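Novice: Given the structure of chain A, go ahead and fit chain B onto it with the hints provided.
Top line first, the protein sequences correspond to chains A and B. Going by this note's numbering, the first sequence wraps up at 153, each residue one higher than the last. Going by this note's numbering, the second sequence wraps up at 181, each residue one higher than the last.
None of these hints come from the bench; they were simulated from the model. Here the structure is a predicted model, which means the values were calculated and not measured. It cannot be assumed that every hint is accurate.
To be verified - PhoX-like mimics (lysine-lysine), calculated; alpha carbons at most 25 Å apart, straight line:
#1 A:K115 / B:K14
#2 B:K14 / A:K122
#3 B:K156 / A:K115
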Amino acid sequence: MIAAWAPLAMLFWQPIELPLRMRLVMFLPLALCIAAVYRATRSKRVEDLPKSTALAFMNITLGMGALAVGAYCLYELVLWWS
Amino acid sequence: MRSDPEIITKSAIAGLLAWVIPGAGHFWLGKRGFAAVFFVAITFPYFTGLALGGIKLSVNPYFNGWLFLAEMGIGGYTLPAYLLNERGEFPARKAAELATSQTVPPTDPQRMKLNELTSYYPGADVAQIYLAVAGLLNLLAIFDAMMRVQAKGLPVFYHEAGMRLEDADAETARGSS
Chain A
72 MIAAWAPLAM LFWQPIELPL RMRLVMFLPL ALCIAAVYRA TRSKRVEDLP KSTALAFMNI
132 TLGMGALAVG AYCLYELVLW WS
Chain B
5 MRSDPEIITK SAIAGLLAWV IPGAGHFWLG KRGFAAVFFV AITFPYFTGL ALGGIKLSVN
65 PYFNGWLFLA EMGIGGYTLP AYLLNERGEF PARKAAELAT SQTVPPTDPQ RMKLNELTSY
125 YPGADVAQIY LAVAGLLNLL AIFDAMMRVQ AKGLPVFYHE AGMRLEDADA ETARGSS
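This is chain A alone, in the form it adopts within the complex (with noise of 0.2 Å):
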């Protein structure tokens, strides 16, 4: 089995290096991997899950958004007031 694996894991011996700017667009991919989860895990059938996981993810990305500028204006306002 492990023979099988071998090939495959070598393409992750080596780390990708991520740039910067792209550690919040990583967000994206997922959050819509959990939006899919989370749904399928309360749906009948999978014909209800695209509306309800694009319904999910745009909850789960705004909830964040909302916390981070929450979070973002806390820290502003530690600032200003310390």
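Specialist: Relative to chain A, chain B alone:
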């Protein structure tokens, strides 16, 4: 929860298959659409994380035990990766010791060699998040596969989605008649 031995066995097999390969449990249950969704949505973040972090310190229980525990949510990916990690010049334990050593200077040839296989910010952070999330998402997929056996096709959170077990029973009865 049904206590029929046949259902318990089927449920355990579905869970085990889902642990080995994301979506395999659903595929075995005949839910191929869900199987494809789970496979893609869990395999993608796992291998993206692995590519960004590198296998040497990302799948290493001696370097980050908690991350390894989360990764073990996908046994079929993590175990072969770990066994591969044990091979070569830097087995997992040696790599972890070398990477965290305070006494080995950065100019040490072995350390410099290991540095080439090590991921740093921001790749390392993103890799850890991707790998941990993939492993934990697969736990959801495992529970869902097991639950769909127990609840005749209803998802793991069917209570929250307003579904009732009786509806699944009625649908199954209609399907068989």
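Novice: Need the status of pair K156 (chain B), K115 (chain A): alpha-carbon distance at most 25 Å?
Specialist: Between K156 (chain B) and K115 (chain A) the Cα gap is close to 10 Å, so the pair holds against 25 Å.
Novice: Can the restraint linking K115 (chain A) and K14 (chain B) be considered satisfied, given a maximum Cα separation of 25 Å?
Specialist: Measuring from Cα to Cα gives roughly 19 Å; hence the hint holds.
Novice: Holds or violated: are the alpha carbons of K14 (chain B) and K122 (chain A) at most 25 Å from each other?
Specialist: It is violated: about 31 Å lies between the C-alpha atoms, which goes past 25 Å.
Hint check: a violation occurs at hint 2 only; the rest are consistent with the structure.
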